[in-house]
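These protein sequences, in sequence, are chains A and B.
Residue numbers are given in our numbering: position 209 of the first sequence equals residue 343, and the series is strictly consecutive.
Residue numbers are given in our numbering: position 307 of the second sequence equals residue 441, and the series is strictly consecutive.
Please note that the accuracy of each hint is not assured.
Note: identical chains are not told apart, hence a pair may lie in one copy or across any two.
Mimicking SDA-like on lysine to any residue, the simulated pairs with C-alpha atoms at most 20 Å apart in a straight line are [unchecked claim]:
1) K419 / E382
2) K384 / L180
3) K384 / G253
4) K175 / D286
5) K458 / A311
6) K423 / Q413
7) K384 / W252
8) K402 / N304
9) K175 / Q314
10) K384 / D416
11) K160 / A302
12) K194 / E341
13) K384 / Q255
The hints are simulated quantities; they were obtained by calculation from the structure and are not laboratory data.
Protein chains: 2
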Amino acid sequence: MGVVVPFDSKDNASAASIDPLLQLVKADMDRVNQAILVRAKSHVDLIPELAHHLINSGGKRLRPMLTIAAAQMCGYDGEAHIKLATSVEFMHTATLLHDDVVDESDLRRGKKTARLIWGNQASVLVGDYLLGQAFKMMVETGSLEALRILSDASSVIAEGEVLQLAAANNTATTEDAYMQVIDAKTAALFAAAAEVGGVVADRPEEEKAALASYGRNLGIAFQLVDDALDYSGKEAEIGKNVGDDFREGKITLPVVLSYRRGDDIERKFWKRTLEEGDQTADDLKYAVKLMEKHNAISETKDRARHYGTIARDALDIFPDSAHKSALLEVIDFCVARVF
Amino acid sequence: MGVVVPFDSKDNASAASIDPLLQLVKADMDRVNQAILVRAKSHVDLIPELAHHLINSGGKRLRPMLTIAAAQMCGYDGEAHIKLATSVEFMHTATLLHDDVVDESDLRRGKKTARLIWGNQASVLVGDYLLGQAFKMMVETGSLEALRILSDASSVIAEGEVLQLAAANNTATTEDAYMQVIDAKTAALFAAAAEVGGVVADRPEEEKAALASYGRNLGIAFQLVDDALDYSGKEAEIGKNVGDDFREGKITLPVVLSYRRGDDIERKFWKRTLEEGDQTADDLKYAVKLMEKHNAISETKDRARHYGTIARDALDIFPDSAHKSALLEVIDFCVARVF
Numbered sequence: 135m136g137v138v139v140p141f142d143s144k145d146n147a148s149a150a151s152i153d154p155l156l157q158l159v160k161a162d163m164d165r166v167n168q169a170i171l172v173r174a175k176s177h178v179d180l181i182p183e184l185a186h187h188l189i190n191s192g193g194k195r196l197r198p199m200l201t202i203a204a205a206q207m208c209g210y211d212g213e214a215h216i217k218l219a220t221s222v223e224f225m226h227t228a229t230l231l232h233d234d235v236v237d238e239s240d241l242r243r244g245k246k247t248a249r250l251i252w253g254n255q256a257s258v259l260v261g262d263y264l265l266g267q268a269f270k271m272m273v274e275t276g277s278l279e280a281l282r283i284l285s286d287a288s289s290v291i292a293e294g295e296v297l298q299l300a301a302a303n304n305t306a307t308t309e310d311a312y313m314q315v316i317d318a319k320t321a322a323l324f325a326a327a328a329e330v331g332g333v334v335a336d337r338p339e340e341e342k343a344a345l346a347s348y349g350r351n352l353g354i355a356f357q358l359v360d361d362a363l364d365y366s367g368k369e370a371e372i373g374k375n376v377g378d379d380f381r382e383g384k385i386t387l388p389v390v391l392s393y394r395r396g397d398d399i400e401r402k403f404w405k406r407t408l409e410e411g412d413q414t415a416d417d418l419k420y421a422v423k424l425m426e427k428h429n430a431i432s433e434t435k436d437r438a439r440h441y442g443t444i445a446r447d448a449l450d451i452f453p454d455s456a457h458k459s460a461l462l463e464v465i466d467f468c469v470a471r472v473f
Numbered sequence: 135m136g137v138v139v140p141f142d143s144k145d146n147a148s149a150a151s152i153d154p155l156l157q158l159v160k161a162d163m164d165r166v167n168q169a170i171l172v173r174a175k176s177h178v179d180l181i182p183e184l185a186h187h188l189i190n191s192g193g194k195r196l197r198p199m200l201t202i203a204a205a206q207m208c209g210y211d212g213e214a215h216i217k218l219a220t221s222v223e224f225m226h227t228a229t230l231l232h233d234d235v236v237d238e239s240d241l242r243r244g245k246k247t248a249r250l251i252w253g254n255q256a257s258v259l260v261g262d263y264l265l266g267q268a269f270k271m272m273v274e275t276g277s278l279e280a281l282r283i284l285s286d287a288s289s290v291i292a293e294g295e296v297l298q299l300a301a302a303n304n305t306a307t308t309e310d311a312y313m314q315v316i317d318a319k320t321a322a323l324f325a326a327a328a329e330v331g332g333v334v335a336d337r338p339e340e341e342k343a344a345l346a347s348y349g350r351n352l353g354i355a356f357q358l359v360d361d362a363l364d365y366s367g368k369e370a371e372i373g374k375n376v377g378d379d380f381r382e383g384k385i386t387l388p389v390v391l392s393y394r395r396g397d398d399i400e401r402k403f404w405k406r407t408l409e410e411g412d413q414t415a416d417d418l419k420y421a422v423k424l425m426e427k428h429n430a431i432s433e434t435k436d437r438a439r440h441y442g443t444i445a446r447d448a449l450d451i452f453p454d455s456a457h458k459s460a461l462l463e464v465i466d467f468c469v470a471r472v473f
């Protein structure tokens, strides 16, 4: 995991766009968005109210798009991918609701979190409801293989969250241990989302494995860029406060690298601010300065490019197509994004 | 729902025991208990630690026993009922973990709640993990019908919890509205637990419906007796503080009946103590006194007997057997229990 492979399309990466993917999946994503609204309904008003807050909060819906794009690339012409994509988005939404409770977050994508408006209790329970609805939809597709993949992911995600909680505030976390956390809490759902697109299309094992590998490595790259942006992005662009991770004492890769490369005085700084939670107004600025000194932010982005390259290679076994090009461009887009 | 049918075996009810059921399901429940331990494992230590706390806390495991007993009564000789029963217990455990967070409870079955020991965050996430494991096991059985029934139950339970949250502290809740809450949050899992026993045995629709009806009405009776015991039980016997529901401002049937039958002064008392949460040391005692004045506790138990009778009638279509007798005796046991 330590080797950083240079990213060959690095120079073009800033021009990379998610638009080709958006165009290809648009018709099906309209149906997914429709299904999201229908399935978040309930005679208990609080459920759609709270669910819509999060659903309308401007997420890119990258995960369900992976399911749709993978199914389309595999030539699938049935209906099951709509329900599976909707399930994937509900699993993700449920995770966000529970995450915000666990992290005590007040802001997500620039909007107040559901837990701040409706309380932790409603966020926990509506998350549970959406998870139940996700499984109902999966069952409706009748695909036991998709159910196996997505229920596995559901367990792994929760396991990753607990692992992160157990390791919380430990500045001595190794890069390996950190990678294990994001592999579980972020990459597992990206992997499952892409893989089930191949499953409904009944493709051979090696293609399903390739889609899973693409999704997993894209997910890791995506998360690492997120980690970097939390210390380097502009608030209006990333839709959350810069320094949120710092203030919450979260150990992310830029911290892991800075801590390991720092001297004793610097390590004391990281321990005080992140382990003991003792922070003053200038600490964030100093944290960013230390990260720059050790190239921790730029090398976190290098690591992201490394996983992006693996995602790219994973798709090699598929013949060239508009879908393949769009999925490859999404890698560049994720790695180069500034928001 | 207003008619109270006298319970014909009322006189024998106090002698009713869960032992005949325990004997019949013992061998299979040993395997369920084994599966519970294996499936709560994780390389993330916090998960089995927290899960075992709740798993070992002395619950009767009534829900998985219903699955096992129903499958056995239906002549099932396969393996799937073990996994389904384990799934049912995990769904229940996950609900308890999330419930204690939502209710801010400190004590369950006489022991400190997981949230008090490990925190709300771990309780939310380990609940999610157990739910994921539950779905994994269901998928392993390959029964889409059992998956449909249990994923439906999962959504309905969460919906019921949100409904309860939305109606929380509303003393003007009607009996109908209250019954809707417990039908969803308690009875749905009892119904699903019994029904899937018939599903794995591949029994005709009317038998599966009968098992679901038995479970549903048993679940309602069970919950109503719980409500009554919270105001009338002895702490050491019910394993929680007497008056927990009162202190949490929970609206249960004894309150619904007392509020509706009370005069203006009494209603002011209920509003102050339960809606406004303004309680003094003597309020619980006075609440019990009002309940006795309006026969609210004894009539809550009468209502429980009413649903017990429906559960009893539901099993009529099954031929006499040791399992049928044991399941019928469980009704009497639940209705007559003092803990």
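Verification of the hints:
Proximity of K419 and E382 under a CA criterion of 20 Å is satisfied intra-copy only: 15 Å inside one chain copy versus 45 Å between copies. Proximity of K384 and L180 under a CA criterion of 20 Å is satisfied inter-copy only: 19 Å between copies versus 31 Å inside one chain copy. Within a single copy, K384 and G253 get their C-alpha atoms only as close as 22 Å, which misses the 20 Å cut-off; across copies the closest is 17 Å, which meets it. In this assembly of identical chains, the alpha carbons of K175 and D286 lie at most 20 Å apart only when taken from different copies (14 Å versus 26 Å within one copy).
In this assembly of identical chains, the alpha carbons of K458 and A311 never lie at most 20 Å apart, being 32 Å within a copy and 53 Å across copies at closest. With identical chains, the CA atoms of K423 and Q413 are at most 20 Å apart within one copy only, with a shortest distance of 15 Å there and 54 Å across copies. Taking the closest pair of Cα atoms, K384 and W252 come within 20 Å of each other only across two copies (19 Å); inside a single copy the shortest separation is 25 Å, beyond that limit. Only within a single protomer do K402 and N304 lie at most 20 Å apart by alpha-carbon distance; the minimum there is 12 Å, versus 52 Å between protomers.
In this assembly of identical chains, the alpha carbons of K175 and Q314 lie at most 20 Å apart only when taken from different copies (18 Å versus 36 Å within one copy). For the homomeric pair K384 and D416, the shortest alpha-carbon distance inside one copy (18 Å) is at most 20 Å, but the shortest distance between copies (46 Å) is not. For a Cα distance limit of 20 Å, the shortest separation of K160 from A302 qualifies neither inside one copy, at 39 Å, nor across copies, at 42 Å. Taking the shortest Cα distances, K194 and E341 never come within 20 Å of each other, neither inside one copy (25 Å) nor across copies (47 Å).
Proximity of K384 to Q255 under the C-alpha cut-off of 20 Å is restricted to the inter-copy arrangement: shortest distance 14 Å between copies versus 23 Å within a copy.
Against the hints set out earlier in the document, violations occur for numbers 5, 11 and 12.
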